[in-house]
Every structure is written in structure tokens, then in C-alpha cells.
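So the sequence lines, in the order shown, correspond to chains S and B.
Positions 1 to 117 (the numbering used here) are the ones given, in order, by the first sequence.
Positions 1001 to 1114 (the numbering used here) are the ones given, in order, by the second sequence.
The set of hints was computed from the structure by calculation and includes no laboratory data.
Where hints are given, some of them may not hold.
Under the rule of at most 27 Å between Cα atoms (straight-line distance), these lysine-lysine pairs were calculated in the DSSO-like manner [said to hold, decoys possible]:
#1 LYS62/S / LYS1017/B
#2 LYS1106/B / LYS1017/B
#3 LYS44/S / LYS1017/B
The following residues of chain B were derived to be distant from chain S, with all beta-carbon distances above 12 Å [as the list claims (entries may be wrong)]:
#4 ASP1039
#5 GLY1041
#6 ASN1055
#7 THR1070
Note that CB positions come from ideal geometry on N, CA and C, so glycine has one too.
The primary structure of each chain is shown beneath.
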Amino acid sequence: NAGVMQNPRHLVRRRGQEARLRCSPMKGHSHVYWYRQLPEEGLKFMVYLQKENIIDESGMPKERFSAEFPKEGPSILRIQQVVRGDSAAYFCASSPTSGQGRTGELFFGEGSRLTVL
Amino acid sequence: KNQVEQSPQSLIILEGKNCTLQCNYTVSPFSNLRWYKQDTGRGPVSLTIMTFSENTKSNGRYTATLDADTKQSSLHITASQLSDSASYICVVSLNSNSGYALNFGKGTSLLVTP
């Protein structure tokens, strides 16, 4: 039973380019969360999705960032026109039920490290 | 403002020694508290989850305690091993399903040396 799979593990982009980060949740999990981790900082919530629905995107910057979790395929976090401040580790987590407010377990992927030159 | 403060920021101990990491929080209404271990370059892995009514929970050499009255938790590591070197993150959950329900501390960076 594979864990949460994220790719790419490392991504380098120049300013102004687009970054696409993918996350395949654990089998049977329908809840996906994206977090951003800056150096020396804690993880910060970005967005919570279920299949074909964005449940909560209150942690996502209003511009340039978008996320989706289609009926088929992985969840995608898309960052348009990247800037140096977007450089960070982006973690995806999944749970079989809504894991944040309850005792449900959250399983994290290994993260995607974005570097913007 | 919901906050999670961890101390110390970093810690170096000798292999075989015990250590205790601290977590203070102001999150309310409280639902549960989790400790995660994050190896360098890896994703966080859950160690324990404790609800309001639980005072202590063990997972092998890891023992977490919770005092919901003082809003403090600790993670005690017994007989440390080199593989315990990692960042330990305290995560406190609101009693809500909103996106901000999980509040992450910045972590304590532990280095176990031979």
C-alpha cells in the first residue's frame, strides 16, 4: 500500500515560469491537504480538497496559486509566474476522512522542494 | 490568536541519553494534540495523537504527555538513538474541520551524537 506520492521531489524554475506539483493520496483517501514549509518555519496550511471540490482555500495566496483534485488523477498545486519568495518545500497530506478537526490520521508525502532562481 | 510554541529550538544529546521536548499552546477550542517526527528532507510522520482526556501516550521509546489545563505537552525520548536525529513537531488541532484547524509549531531540531 503505497504512501502519499509527490512529484517532482525537486523543481527548479526561473522567475516568471510556472510550477506544477503533483500529489497522489494514499489508496482509499479522498481528502487532500497542501502545506508550505519555509526554512526554519512551521508548516502552513494552504488548501484542503476532496475529489473535484475545493473545501477550504483560505491559506492560499489570492493570486498565482491554484489547486485541483480531479475525479481521476493526482491533486495538482499550480503556481504561475513564480517569484523567489515561492521557494519552499510543499507538502501534501491525505486522510480517509476529514483529518484536521478530528483524531483522523494525516499521512504526509515526502514533499516537493521548489527553488526559484 | 492560536499559537503553538516549542522549546528548545534545538537540542544536542549523546546517544543513549534521554531528553524531553516541550510544547505550549493557546489553541482553543482544543480537539487534539499530535507529535510528528520529520527527518531531514522527508515528510512528517505521526508519533502520537492525544485527545483532551488523555494524559499520556507511548509509542515505543517515545512518550507524550498532555496537561490540557495548563495547555502544555511534552515528548520524552528514552535511550536515544542516532536515528532519532530529526525535527519534532507539535501540532494542535482546533475542534473544527476548517482549513486552519491544524496549528503547527516550528519544531525542535534534535541531534543525537555518538
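For LYS44/S and LYS1017/B, compute the direct alpha-carbon distance and say whether it is at most 27 Å. 32 Å, violated
Reported absence of ASN1055/B from the contact zone with chain S (all CB gaps over 12 Å): 16 Å, holds
Is the nearest Cβ of chain S still more than 12 Å from the Cβ of GLY1041/B? Violated, since 8 Å does not exceed 12 Å.
Hint consistency between LYS62/S and LYS1017/B [alpha-carbon to alpha-carbon, up to 27 Å]: Given pair LYS62/S, LYS1017/B is violated - Cα atoms ~47 Å apart, limit 27 Å.
Least C-beta distance from THR1070/B to chain S larger than 12 Å: It holds; THR1070/B is separated from chain S by about 21 Å at its closest Cβ, greater than 12 Å.
Distal placement of ASP1039/B relative to chain S, Cβ over 12 Å: Label violated. Min Cβ-Cβ 10 Å, cutoff 12 Å.
Hey, LYS1106/B versus LYS1017/B, does the alpha-carbon distance stay inside 27 Å? Roughly 24 Å between the alpha carbons, so the hint for LYS1106/B and LYS1017/B holds.
Hints 1, 3, 4 and 5 from the list above are not met by this structure, while the remaining hints are.
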